Each structure stands twice: as C-alpha cells, then as structure tokens.
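2 protein chains.
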Amino acid sequence: MKLSILGCYSATPRTLNNTTSQVLEINKHMFLIDCGEGSQVQLRKHKIKFNRIKHIFISHLHGDHFFGLVGLISTFRLLTREADLHIYGPKGIKEVITLQMKLADSWTNYNLIFHELTSKDSELIFEDELVEVFTIPLEHRVYTNGFLFKEKPGDRKLNIDAVQEEKIDIAYYRKLKQGFDVYNTDGILIKNESVTMDGRKPKSYAFCSDTAYKESIVPIINNVSVLYHESTFLEKHSHLASKTKHSTAKEAARIAKQACVGKLILGHYSTRYNDLNFFKVEAKEVFKNVELAEDGKVFEFD
Amino acid sequence: MKLSILGCYSATPRTLNNTTSQVLEINKHMFLIDCGEGSQVQLRKHKIKFNRIKHIFISHLHGDHFFGLVGLISTFRLLTREADLHIYGPKGIKEVITLQMKLADSWTNYNLIFHELTSKDSELIFEDELVEVFTIPLEHRVYTNGFLFKEKPGDRKLNIDAVQEEKIDIAYYRKLKQGFDVYNTDGILIKNESVTMDGRKPKSYAFCSDTAYKESIVPIINNVSVLYHESTFLEKHSHLASKTKHSTAKEAARIAKQACVGKLILGHYSTRYNDLNFFKVEAKEVFKNVELAEDGKVFEFD
Numbered sequence: 001m002k003l004s005i006l007g008c009y010s011a012t013p014r015t016l017n018n019t020t021s022q023v024l025e026i027n028k029h030m031f032l033i034d035c036g037e038g039s040q041v042q043l044r045k046h047k048i049k050f051n052r053i054k055h056i057f058i059s060h061l062h063g064d065h066f067f068g069l070v071g072l073i074s075t076f077r078l079l080t081r082e083a084d085l086h087i088y089g090p091k092g093i094k095e096v097i098t099l100q101m102k103l104a105d106s107w108t109n110y111n112l113i114f115h116e117l118t119s120k121d122s123e124l125i126f127e128d129e130l131v132e133v134f135t136i137p138l139e140h141r142v143y144t145n146g147f148l149f150k151e152k153p154g155d156r157k158l159n160i161d162a163v164q165e166e167k168i169d170i171a172y173y174r175k176l177k178q179g180f181d182v183y184n185t186d187g188i189l190i191k192n193e194s195v196t197m198d199g200r201k202p203k204s205y206a207f208c209s210d211t212a213y214k215e216s217i218v219p220i221i222n223n224v225s226v227l228y229h230e231s232t233f234l235e236k237h238s239h240l241a242s243k244t245k246h247s248t249a250k251e252a253a254r255i256a257k258q259a260c261v262g263k264l265i266l267g268h269y270s271t272r273y274n275d276l277n278f279f280k281v282e283a284k285e286v287f288k289n290v291e292l293a294e295d296g297k298v299f300e301f302d
Numbered sequence: 001m002k003l004s005i006l007g008c009y010s011a012t013p014r015t016l017n018n019t020t021s022q023v024l025e026i027n028k029h030m031f032l033i034d035c036g037e038g039s040q041v042q043l044r045k046h047k048i049k050f051n052r053i054k055h056i057f058i059s060h061l062h063g064d065h066f067f068g069l070v071g072l073i074s075t076f077r078l079l080t081r082e083a084d085l086h087i088y089g090p091k092g093i094k095e096v097i098t099l100q101m102k103l104a105d106s107w108t109n110y111n112l113i114f115h116e117l118t119s120k121d122s123e124l125i126f127e128d129e130l131v132e133v134f135t136i137p138l139e140h141r142v143y144t145n146g147f148l149f150k151e152k153p154g155d156r157k158l159n160i161d162a163v164q165e166e167k168i169d170i171a172y173y174r175k176l177k178q179g180f181d182v183y184n185t186d187g188i189l190i191k192n193e194s195v196t197m198d199g200r201k202p203k204s205y206a207f208c209s210d211t212a213y214k215e216s217i218v219p220i221i222n223n224v225s226v227l228y229h230e231s232t233f234l235e236k237h238s239h240l241a242s243k244t245k246h247s248t249a250k251e252a253a254r255i256a257k258q259a260c261v262g263k264l265i266l267g268h269y270s271t272r273y274n275d276l277n278f279f280k281v282e283a284k285e286v287f288k289n290v291e292l293a294e295d296g297k298v299f300e301f302d
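Chain order of the listed sequences is A and B.
Taking the working numbering, the leading residue of the first sequence gets 1, the next gets one more, and so forth.
Taking the working numbering, the leading residue of the second sequence gets 1, the next gets one more, and so forth.
Do not take every clue at face value.
Derived pair list, reagent style EDC-like, types lysine to aspartate or glutamate, alpha-carbon separation capped at 20 Å [said to hold, decoys possible]: (1) B/K2 - B/E294; (2) A/K102 - B/E139; (3) B/K102 - A/E95; (4) A/K54 - A/E132.
Per label pair, the in silico range of CB-to-CB distance [said to hold, decoys possible]: (5) A/R174 - B/K243: 51 to 61 Å; (6) B/T80 - A/F301: 33 to 43 Å; (7) A/E294 - B/T15: 16 to 26 Å; (8) A/C260 - B/T244: 50 to 60 Å; (9) A/Y110 - B/T98: 23 to 33 Å; (10) A/D275 - B/P219: 58 to 68 Å; (11) B/V142 - A/R141: 30 to 40 Å; (12) B/D121 - A/E294: 50 to 60 Å; (13) B/S238 - A/E82: 43 to 53 Å; (14) A/Y110 - B/K2: 40 to 50 Å; (15) A/L16 - B/K49: 14 to 24 Å; (16) B/S238 - A/N27: 42 to 52 Å; (17) A/L16 - B/P219: 45 to 55 Å; (18) A/A171 - B/L16: 49 to 59 Å.
FYI, nobody ran anything at the bench for these hints, they're computed from the structure.
Keep in mind it's a predicted model, so treat the numbers as computed, not measured.
Even for Gly, the Cβ is constructed at its ideal location relative to N, Cα and C.
All chains should be modelled from the sequences, with the hints used to inform the complete structure.
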C-alpha cells in the first residue's frame, strides 16, 4: 500500500501549496482521491501513468477538492484514453462535468461512468476480488464523504513441510491457498488450517476530509492501518474549526485514538500556519504515531 | 502598455507548460485575458495584485482557456474581495460558473457581473474614459471571440514657449490639453493647434486565439500596435491546423502583414514541438517584427 500526496492544503492553490488530491496504490489498484485545481500537473510530476487511474473518488464539491477534475477528464480525452473511468462523488457532479463538456462541444471517447452519492450512511461503493471501498459520512458545510479502502484477505500461505508430510498433490495447492480442505493421495480429508498459515494481513486506509470532529465515524474506521484525517486548524483556532466545520490536530488525534488506527496522517492545513510541526506536536499529545502529509510526499506502508 | 504571459500553450497544462492566460496592463487597467487551469497560481508567481483585476475576458469555453476561471472567482471570495468583477465570455459561462458556486453552497461576497457574448459581428463591449474593448469574431470549433483593446487618445502636450508667448493664463492649461481653443489675457481666441502638440500615440492590442486563418479580421485589427495571434502548428502540420481550426505560424504572419500591425506575438503552441524558434523563423519569412510568447515572459510596449 502506497500513498502519494499530490496536495494537502485547504482553500486555494498557491505557488508552493497544492489543494487536496492523493493517489492510493492498494492491491494493484491506483485510486485517485479528490482532485483540486492543478492535480493533473501534480500527477505528471509524480510520473503516475494516467491510464492506471480507473476510479476517482471525490469527497465533496468544494473547489479545493474538485476543481481539477474536469481538466483531468478533458486531458484523458486529448490523450485518446480508451479505458473506462469511474467517478464517485456527491450528486450534482455529473451535471457540472457534462455541462462543461457540452459547452466545449467536447465528449469523451472513453466511457465516463458517474456513481453519484446521496446516502447519509456508510455504503459499499466499489468491490472486486482485491479491494472494497466504503463511504464514510462526514460532517461539513456541504454533503461530504470520506472513503475507506480495504484490501481483501490474500491467499493463505502453505506450510510446505506439513503439506508434503500430509502427502497432498501439488494440483491442490491453489485450493489450499484459497482456504479449502483437500484430499491427500491416500484419500484422507486434510483440514486446511493444519497445513496453511494466515497470509499477508490485509491493509486498510481511511480518508477523512473535510469534516468537523465526528465520533460516529469511529466504528467505521476502527482498526484501519492508516487514517488520513483533516486538521485544518490548531486548537488555538478551534473557534474557526467549529465555525467552518473543520477539525483541529487534537481532534484528529482523538478520532485516531478511539479508532485504534495504526498510523494517523494529518493534512488539509490552513495556509495561515508557517510551521506544520505544531500540528504534529499537538496531535502527539493524544496519539503517538502521527505523520504530516506534505505536497509531494510518498508514504509506503509495506 | 505591458503584457504578461501567464501561459501560452494549447490543450493541457503540463509540468513546464501553462495553458492560455495573460494580463494586459493598459492605461491604468489590468485586464485578464483567458484563464486556463492554474492561472491563479501564475498570477501569484507574477505578483499581480488580485484586486487590480476587475475585468476578465474569456475567448471561448474550451478548457485550456477557462478551466481556471471558477477557481479564481472562488479564491477572490476567500480573500474577501469587495470590488465588482466583470466577466466577458460566450453564452453559457454564467450557467457553468453559477452551477459550481451553487453545488459548493458558496456565493461571492462581491458583485459578479456576467456579460455574455453571442454576436457574430465585432462589438464594443467595454468603454470608459481611458480604454475601449471590442470583440474580434474568430473561426474555431466553438463560438470564439478575440479582443481588441484600444487606448483612447491622451491629453495634448503644451508647447510651453508658444503658450507663454501667446499670454495664456495658467488656468486654461487644462482646457488646452483637452484640445479646446482658449482666450488669452488680451481677450484674443488662440487656436489650440498653434500652442499644443499631439500627445502620446494611443496604443492598441489585439488578442486572437483560438482561430483558423481568417482574413475578415484584418479590417478590425488594422494598424494595431501589437497583435497576439495563435500559431498552434507549423506549416508542415497545416492539415492538422485545418482539421482543428487552428493557425500555422505562417498564417499568423500573413494576418499580421495584411493588417500592418506594429508587432506580432505568436503563441498557443502545440506541445509536440520542442523548439519554438521554428515558429519565429517560419513567421519571419512573411512578416519581420515577430516575437515568441513564453510562459512568464513580460512584454513592455512603452
């Protein structure tokens, strides 16, 4: 699992600060999460192959999270993309993108499939044999979802010594890895757990931005490997956090602690702060394993 | 008159190439012309004060000319702008901007005034005591206008020796500068042209992008001081220019020659070319005074 931060600042793009966008590589998928203005240039800087992005998740329709989407869709078309592109985001996203395509008299030559979200409850919005993606209903000034990305359990690992001792034919190894009991060469049924071990522990990633402090997300994100939680403000500006429905670093850490997450990544900083370390210091008072998102930073979780 | 090129490439923003946007300073005005994605960051790099921009002119609704507009409008709001903002552009521009504001539940706290264009003839769209702006109907895949910016003639210059010799009271100097005949201290009417000279020659700038080769614009832009004309392709790709309704460098130069302009600036290059000098060489075969637009370049015309 690998997370590339294309941008992690709030409000407006600046000379040195990009607005929210990140790429999550998980179990062979490459998911784009949010797409502030200029994200397509950030993708180029990260040398991320455009064709590998097949699913884009948009948390909400504030500009710093989605003004780059129409440009990216348009660029995919100019580069003669053929692969389907799935967009998950709040209701209205289809209308605004298609209106812009219509005014430009320019339609995609690939399938552009919108999955508009309206539910106030967490729901499964994507699933294949490798990964599941759920929404995380957040609390912001407009309808907003975070997203929970979960690897499915991988194959079980063979205990080769035990497998050979039990005289299991090699033709059954695939079934063993899939968790089935199998017959050995003597016709005896061998219990799977007696000759296999748990495979790689499935990883999970929760993206929570933008949101006020919201304890009801804790059961949804419980035990995730990595939580990205917005921290637009420090506690000294908690009145601004309340007013604008954002969180402080301390509040993000409280959520991380209650949900027993493996690691907390902070982001979506207000540009009023010159030194991001204050966010880390504040969060660490509550929860130990804290990292700071920074534009261009890549986190490897393997 | 000063022209800052924020971006001058076609199609898509890239790591080192920005799409179309430029700022024209003319007679105390600061006009933004087109606004590709990322233009607000380019404005910051140029240290252009956002509040000085009161009029934005959008040629057409292709992304590389206007996907940065909604972000700029939104940023103006976040920076608590109060000054009116006028947007001139094709019909539809109001709908697409207001839809995005509505979805973000975010309205401007300043007056946002749209002037939607539909005419196929050149028309006066802005005028004050300093400047006039006219549309230049262009030929592209969607409804497109160029823009002609014309300084109004400034004050006449006093011939101080002649003024004193004619015994004209200092109280009449303002009227003389404005071109009026005045009475001297002996009560004799003095002809204006006998004691004044022409003031600074009014400058003019024509922005023509995007467009196929279109001779009918020549009478509109005749004798302009500076012409920016798109040259997306070189002559060797003239078949692509025809197909996509763009121009070649040679065609841009032909327009410049016929219109007897002072200087031709080329831009809107396809990113297929590594060396922009070929554009200059090709255009110079037809018209001598050619310059290349480049992202970040500033032209001073005084």
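Status of the hints after comparison with the structure:
no.	hint	result
1	B/K2 - B/E294	15 Å, holds
2	A/K102 - B/E139	19 Å, holds
3	B/K102 - A/E95	12 Å, holds
4	A/K54 - A/E132	15 Å, holds
5	A/R174 - B/K243: 51 to 61 Å	53 Å, holds
6	B/T80 - A/F301: 33 to 43 Å	40 Å, holds
7	A/E294 - B/T15: 16 to 26 Å	19 Å, holds
8	A/C260 - B/T244: 50 to 60 Å	57 Å, holds
9	A/Y110 - B/T98: 23 to 33 Å	29 Å, holds
10	A/D275 - B/P219: 58 to 68 Å	60 Å, holds
11	B/V142 - A/R141: 30 to 40 Å	34 Å, holds
12	B/D121 - A/E294: 50 to 60 Å	53 Å, holds
13	B/S238 - A/E82: 43 to 53 Å	28 Å, violated
14	A/Y110 - B/K2: 40 to 50 Å	43 Å, holds
15	A/L16 - B/K49: 14 to 24 Å	19 Å, holds
16	B/S238 - A/N27: 42 to 52 Å	49 Å, holds
17	A/L16 - B/P219: 45 to 55 Å	47 Å, holds
18	A/A171 - B/L16: 49 to 59 Å	56 Å, holds
Hint 13 alone, counting from the list given before, is not met by this structure.
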